[in-house]
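Fit chain B to the given chain A structure using the hints.
Which chain is which? The protein sequence lines are A and B, in order.
When we follow my numbering, the leftmost residue of the first sequence carries the number 82, and every step to the right adds one.
When we follow my numbering, the leftmost residue of the second sequence carries the number -19, and every step to the right adds one.
The hints are simulated quantities; they were obtained by calculation from the structure and are not laboratory data.
Treat the hints with care, since some could be wrong.
Computed beta-carbon distance windows for the label pairs [unchecked claim]:
#, chain 1, residue 1, chain 2, residue 2, range
1, A, Glu91, B, Asn158, 51 to 59 Å
2, B, Asp241, A, Asp148, 23 to 31 Å
3, A, Thr113, B, Ser56, 26 to 34 Å
4, B, His173, A, Lys95, 41 to 49 Å
5, B, Ser54, A, Thr92, 34 to 42 Å
As the structure is a computational prediction, the values presented were derived from the model and not from experiment.
The C-beta atom is built at its ideal place from N, Cα and C for all residues, glycine as well.
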Amino acid sequence: MPKIPVSKLETGMKLSKPVTAKSGMVMLGEGTELTATWIERIQDMGVTNIFVEGPPIQTISKEEAMDNLNTRFSHVEGKPYMNVIKKIVREHIEGLYEQY
Amino acid sequence: MSNIDPKVLRHKVENINTLPTVPGVLKRLSAVIENPRITLVEISAFISNDPALTTKVLKMVNSAIYGFPGRIASVSHATMLLGLNIIKGLLLGVSVFELMQKAMSGLYEHSLACAIASRVIAQKKGLKEPEEVSVAGLLHDIGKVILTLSFPTEYQAAMNEAQGKNISIFDAEKNQFNATHANVGSWLAEKWHFPRNLIEVIECHHRPALAKNAPMETAIVHMADLLVRARGFGFAGEIFVPEVNAIAYELLNLSESDIKDVLREMEDNMESAEDIS
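Isolated chain A, as found in the complex (with noise of 0.2 Å):
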């Protein structure tokens, strides 16, 4: 469910989330799906990133991402249970790049 920035919309996107006034007034549905006009509209409300659908976004690549998790863990390998841990975190990240 990526956020994106309203300058990135495209037609046939859909909404994963409401696009709502500053009030809180829903102005577009979750699930709509976004045509030339919709995009327009949006652009004048003056709203800066809406949520669509689709898989996230991951902004560094997965050998960044496991580097950055060793050096996370590194002062407390084989510390009880922190192996345990680290394994989990590990596949919930690695399954974050198989989305696609």
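Below, chain B without anything else, positioned relative to chain A:
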């Protein structure tokens, strides 16, 4: 080594209101919260009188941190649903968000993610009031904000020391202040008449085995804090994951799939939660 007298430190923390760097909303809020006889109606009126605060509170109660089904559109509805203790904590949370970000870039994401993780674990453990635990998760590092406000130079030194010597911010604070953000946060929570359990969670989230009244809640926030760091959301003073407390880990007794669920919920909700500020 530290040359700050603990008594002076505590006095300064408890009188945080007098600092010029504290924003007006927080000063007004503390005047309201410090009153032990405050009623739900008065709190509700206080929030409603401040449009910016109203928006923040409504965004927060409608966010993934609480996970209420449906939309809560009014402040009075929100206060009725959450109750006095939770609304007090939440008000503090939303009013210090900007300060959090100034105090430590990333502390805000860290706290939000921790609130979400705390709620999910609390639900898994069948706690009666998961919202209370989620507020504890949101506020567990409040002491860091208070320390930055009261002692900006010294706290910067502690942050530099943590980074330079590769030690935890918790230990660096001890060197610098003879006290930690956990102590500082709990002093303020006490002064503000927060519920006993919440005070204890803030005080003991690094040493959950010391919790006497709320060992489960404390263990939950301890674990949530650790999982947020393990996943790498936000920043809370150092990049390293601390060692889990074995007693807390065994008390929680989370299965592998429980932990995966917590991570997944954090993942799904963090992007939308960042909109709250």
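Against the structure, the hints:
Taken as a hint, the range 51 to 59 Å holds for the pair A/Glu91 and B/Asn158, whose Cβ atoms sit roughly 57 Å apart. Taken as a hint, the range 23 to 31 Å holds for the pair B/Asp241 and A/Asp148, whose Cβ atoms sit roughly 26 Å apart. Between A/Thr113 and B/Ser56, the C-beta spacing of about 31 Å keeps the proposed range 26 to 34 Å intact. One distance hint, 41 to 49 Å for the beta-carbon pair B/His173 and A/Lys95, holds here, with the actual separation near 47 Å.
Distance hint for B/Ser54 and A/Thr92: a CB-CB separation of about 37 Å, consistent with the stated range 34 to 42 Å.
Of the numbered hints listed earlier, not one is contradicted by the structure.
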